[in-house]
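Could you put the whole structure together from the sequences, leaning on the hints where they help?
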Amino acid sequence: MPSRVDPALCAKCKGARRLCGRPACPIAMRIVESARAAALLGKRELQAATPPSVLVGEYGYPVVRLGPVAAPVSGEEAARYEDYRGWWGRLSLEDIIALRASTAYSRFELRVTEARGGGSRLLEATREAALSVKPVDAEFRFEKPPAPRLTFDGVVTPVGLGGLLRDMRVVENPVVPRRVDQIVGDADAKARDAVAELYRAGADNYYITRLLSLGMLGERARRLVPTRWAITAVDKMLGDLLLERVRGAPEYPALEVRYAEYLGNRYLIVLAPGPWAFEMIEVWLPRSVWVRSAEPYVSVNYELWDGRARNPEADGGYYAMRLPVLEHLSRVRRQATVVAVREVTPSYYAPVGVWQVRESVRHALSSPPVALPRDASELLRELAGRLETSVERILAESRILKRLVRPGAKLDAFL
Amino acid sequence: MPLKFEFPDARDWRYLIESLQTVIEEANFIADAEGLRLRALDPSRIAMVDLYMPREVFELYEIDEERVRIGVNFDDLNKILKRAKAKDKILFQVEGGRLRVTLAGKAERTFSLPLIDVVGEELPLPKVTFDVTAKMVSDTLRDALKDAEMISDTARFVGEEKELKIVAKSDKGELEARFSLESGSLLEYEVKQPSTSSYSLEYLEDIVSKAYRISDLVTLEFSTNKPLSLTFDIAGGGVLRYFLAPRME
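Read top to bottom, the protein sequences are chains A and B.
According to the working numbering, the first sequence is numbered sequentially starting from 1.
According to the working numbering, the second sequence is numbered sequentially starting from 1.
Note that these hints are calculated values from the structure, not bench results.
Treat the hints with care, since some could be wrong.
Unchecked claim - Below are the EDC-like pairs computed for lysine to aspartate or glutamate, each with C-alpha atoms no more than 16 Å apart in a straight line:
#1 B:K135 x B:E188
#2 B:K172 x A:D412
#3 A:K402 x B:D131
#4 B:K127 x A:E392
#5 B:K192 x B:D153
Stated by the list, open to error - Which bits of chain A does chain B cover? Going by a derived footprint, with three or more residues having C-beta under 8 Å, they are:
#6 270-282
#7 409-415
Yeah, the Cβ is synthetic: ideal placement off N, Cα and C, and Gly gets one too.
This is the structure:
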């Protein structure tokens, strides 16, 4: 390896932004080489199903590459190639990489504004498949047989192969909920309202993200939205929607700690009585995937009552943690001051997407509390017992946790 | 029409609303024969804002009832105020559960938004006697707080006999900003008793970075481990005042 890369840079970039200036991320490359398998390799024509899954790239924006992701099987079985809720707690990192290494990103190129017209055959076929809530069988014809392209980034789930799509034909009737057709057909509703409508109609964030990224929601000026951006946009919009309800609810009754662990990531959620406030503390332990130094890398962001993240660089991880927290609060009809700590250990050596963050926090919050601390010192003991990072280090970076454990006087005392 | 008031510069209102927003998202203005008031605590009850605009600051002020409550969401109101051009006049009218806002410049534009029900409690002002009082240029205070925020999330205010210090410390470093009458950085300074108290910069920096546009001067008052008071005078006799609870270290 030539010159050293600043570890803080890697933790910020997570393989996606090429902040180090190299043509390919050296960390991601190492992972690619250790994972190669492909049932779809070497074939120019495929009969395959998509789970459904789609990808819209950001490179070259406003001219982007996009297309469906095909699994090497047909029928219902394809569902497990993109089944985040089903994967959680069952599949190991190796299982997920192996599964995704055999999928093929069947891409074509479009200008993002071409989401408007009906001109692209390939886009229409992709949309038809994406609307389905069940796997869809299709025939794919490539310019050249799909080749390995496994890359990793912190937000988007990896795909093993890639090939330039020449033709695609959906050979099965997609299963589309009736309400969805109406929403997608409504070119007078704003994207935000369409997202809210879909969510109320029972669609989950993954489904909504697919439609948003393919430019199927919103007013007339629809565009294709790179998957990375769409994931975070949907997390944020749904979170904002739930926050409206949560802010009017009574406060959480008592201090609670919830916990989950998956794929070498630890999630510790502190729910405290108080007005809505949310803090994310993300700790990348030494020698974890994007950190090469001997010091942990800590990144913090938070919001107060107004629901606006204070660090404008809020990334996908922030909103992916915030959404399940707001889902929980909205379900129990309470508001709370919430601190969510994510600790990334070295055993999370290949990032497989931000779904892992969202689903882990969902699990932490649907499981019973692991502790009901009676005061600040009990809470600190609980943190110290479950995290590798020292509590002092975390407190030094934190805003809201610090306020919970060392509260300043309230004005009430002087009124 | 129960209430109607006009103000010469719409942009001053935008600054004012943004300053209130640093503490609370929605609140009630209370109008009576004397003028307009607003007093609110932030949701975590650490900061209070107290606004008083006597009828004299308005170009026109008409009220038909003894007391009119105007509950608004500041975000919604601000969206309208952002549309104001330089030198637009602004007219507020309350009628039939709606607030009508007219921006009058070259053209006259009237927006209307529903009044909302804000659960407001009658709040007294904090009962504090202040040992340190300092008057300074508000921009100077803003700069010092910005400096301090790079270092820590808490600032310690130290009122000594001849000098006021703002100190921030953390493992990132240390900042000490010093002000005195002698150096010209304070315009007035009175110390009944030397005092030290710490306050959250999260609130303080937010408040001052908005409210400094309301007034060039700020009066700062505190006592050891007691709330901090910041007073911004509004041209024509209005007052925008904040109280901030101390942080015990």
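Verification of the supplied hints:
no.	hint	result
1	B:K135 x B:E188	5 Å, holds
2	B:K172 x A:D412	33 Å, violated
3	A:K402 x B:D131	29 Å, violated
4	B:K127 x A:E392	36 Å, violated
5	B:K192 x B:D153	28 Å, violated
6	270-282	holds (count 4)
7	409-415	holds (count 7)
The structure fails hints 2, 3, 4, 5 (numbered hints given earlier, in ascending order).
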